[in-house]
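Asks: Protein chains in written order, with my numbering: chain A, 1 to 394; chain B, 1 to 317.
In short, the hints are calculated from the structure, not lab data. Predicted model only: the values in this text are computed from it and were never measured. All residues carry an ideal CB built from backbone N, CA and C; glycine is no exception. Incorrect hints may appear among the rest.
[Unchecked claim] Which residues of chain B face chain A? A partial, calculated answer using Cβ under 7 angstroms:
id: 1; residue: Pro-34
id: 2; residue: Thr-97
id: 3; residue: Phe-106
id: 4; residue: Ile-113
id: 5; residue: Trp-161
id: 6; residue: Met-279
id: 7; residue: Leu-282
id: 8; residue: Glu-289
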Amino acid sequence: MMNVIGNLAWAVQGNARLIVDIAMFFGLLVIVAMAINFQYGNAGIPNMGCAVQVIAGGITVSAVTTRVTFWVVQTAGVELLPYATDFDWVYNNQVNISVLTNGYLKNNATLCIALLLFSLALCIVFGAVIGWIIAVPAIRLRATYLMVTLITMADASQIICRNTPWIGGGTLGMFVPNVFAFYPGDRTVIMAALTLFIGLVSFFIFKTMLNSPYGRLMRSIRENEVTVGSVGKNVVAIRGNILMFSSGITATAGCLLAFYYSFFVDANYQRAYWTYWPWLMLMMGGPGNNAGTFLGTVLVTALRRIIIVYKWVFDRMLFFPISYFERLLLGTLLIVVMIVRPNGLIPEKLLYIPGINYRQLVREQVPVDWRSAPKASKASGGGIMGRLRNKKES
Amino acid sequence: MLINALWMAAIVYACELTILSIGFTLTYLTAKIPNFAHGTYAGLGIFTSWIMDRVFNTSPYYGFPIAFVVGGLFSVMVYVLVVNTLTKMGGGAIVMTIGTLAIQIFLQAFLWIFSYWLRSITGLYTTGFLLKRTDFVLFDTPGIFYVALGTSIVSILVLHWMLTKTKTGIAMRATSEDTQLSAVLGINVNQIQTFAWFLTGGLAGLSGAMVPMWFASSAATAGGMQTSIMAGSLLGGFTNMYGAIIGGFSIGLLEILLTFQLQQTIGTWVGEYRPLVPMIVLVIVLIVEPNGLQGVYSRIMASETGDKILKALGRGD
């Protein structure tokens, strides 16, 4: 059976390859876009630094999973080249991973799956911790200050990652263990399926969260945080929790991306890619609405991947690299969408709470006892003047 | 040389950053949004200088007024097409800030494409250049040192005079305090806002024109200064022009001198982390005193020490 799937998958080329690619990136970006939607669309936290959490997910794989795998493989008796110093870590990385480690993982499906699950679990925890750390200076601040801080943090994370070889291989990047080494076919197909599955799971998690009392509390914070604070809710703590929770989910995208390429380099985790594009998807689809996020993500991802895959066609026609045109497109689209369709393609709908019969609620007639109701004077009408007239009459 | 090369670089950079921070703060005052594209405006100035030097073979200093006008006009375009439109549509602060981010991405890409276009028509190198060769030398010191210092001092003085003595400046301050009330008083708010955006964009263009005279520049240089600008403005209090002067200047000095000092004491590898310096300052300011130097100033003035200072100055009650 495995062989059949493997052979089928091996034939992924041409347009089928493009579809797998779009599916993979749709899965990754929809996780990030939904997390942003959860924060901005529902709780009003403009998280402009989600690249931090995505890169945190990638670092989990490159710095922790790789070392754990090395340790397991060495314990099993495979002789690895030295990797203790920064130089050895980068220089011997290719032989250590591609030949020695992946060769061992090929016959150990259980270990592979264990490593994958371990990485996912760890990156959620790590992402949440990063969310907590960035929340410390920023969460109490006004929205604009918060944005400034988060954007800065996204840049800082990339600078640190680029210049610290033992974390992510520095500017050269590094290979990470192939957790689907046991799968005989094309790894990317199974990765895309897994990513879409995780995207679906996170969709249901967010959906359930939104319809819970906590989700309604979030929406009330978005609408008016002063009122929520005045009824005794700790607004700062709730916003911190939301940032932590969605940071954990966002980090899975980074982790999956590292496994998809089987390679980690900081340039794959640029701020523009993992913050601005998901924001465009969110704004395009409509904030506060998961269906809109899905639609926006599909449209933008397809457009981008087609541009990237057919880059050589465009590059022949233009005098400049197409990647700059792509950014021009991003900027223009974002502005046009905000001006032409401020609510997105699918506007936000009212929250539907299961178990409440809305129709009955509307039809329901509240009986009022006229004897207990205050008596209105017929002659004098309402308002301040009316009341003054009432006083005179009495 | 009047001054050693390190201090010179630090002062030139600090002057450029001061002008940019003032512009950023003025935009925040008038439009109530942090303009993330402000640093990138300087890229227009950088390329004006490049064109003056490489295409017209003259000193880039002649291009400074052009850089001011180009930066200003782009800024006005941004205001009219994006910010004003979004305001009319009822977009809040967050939507407008995302709008400025979109402009930043757009302008950055435009500058790259423009630099490739210049390369394709002139055959000259446009990604990573220095325009030192036409600079004059006075007392063994490159002219940009005097020009940068002079330009920043003059622009600060002109701005101070304008904001306190002229009708337009006072109207600008009134508009930034309360837009609706100033409209009621007969101020043409839209005109004043357009002027404010022209001024800030122009200052950014002017500052950008000075950058390639001493620092290696490319289309990405200006955008890379954004964090330092924000740190400078935040250190000054975000809503105070005079704070931005001190903030921008100190961040500029700190960024170069501290990095150099750390490279001397710890090791050359610290140089890679130079962009982290303004970021660390930004985070520290936010944790310690989110209102920056202005917050510290008002706190001191509200305390007994403030009364003593005022009495010593002869202004106490």
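Asks: Does each hint hold? Answer for all of them.
Replies: These are the hints, each one checked on the structure:
For the restraint placing Pro-34 of chain B at the interface with chain A, the shortest Cβ-Cβ distance is roughly 5 angstroms, inside the 7 angstroms limit, so the hint holds. Interface restraint check for Thr-97 of chain B: the shortest CB-CB distance to chain A comes to about 6 angstroms, inside 7 angstroms, so the restraint holds. Proximity of Phe-106 of chain B to chain A holds as hinted, the smallest CB-CB distance being about 3 angstroms (cut-off 7 angstroms). Because the closest C-beta pair between Ile-113 of chain B and chain A is about 5 angstroms apart, less than 7 angstroms, the hint holds.
The restraint placing Trp-161 of chain B at the interface with chain A is violated, with a minimum CB-CB distance near 30 angstroms, outside the 7 angstroms limit. Hint status for Met-279 of chain B: holds, given a least beta-carbon distance of 5 angstroms to chain A, under 7 angstroms. Evaluation of the Leu-282 of chain B hint against chain A yields a held restraint, the C-beta minimum of about 6 angstroms falling below 7 angstroms. A hinted interface residue such as Glu-289 of chain B counts as satisfied when its beta carbon comes closer than 7 angstroms to some beta carbon of chain A; here the least separation is about 12 angstroms, so the hint is violated.
When each numbered hint is compared with the structure, violations occur for hints 5 and 8.
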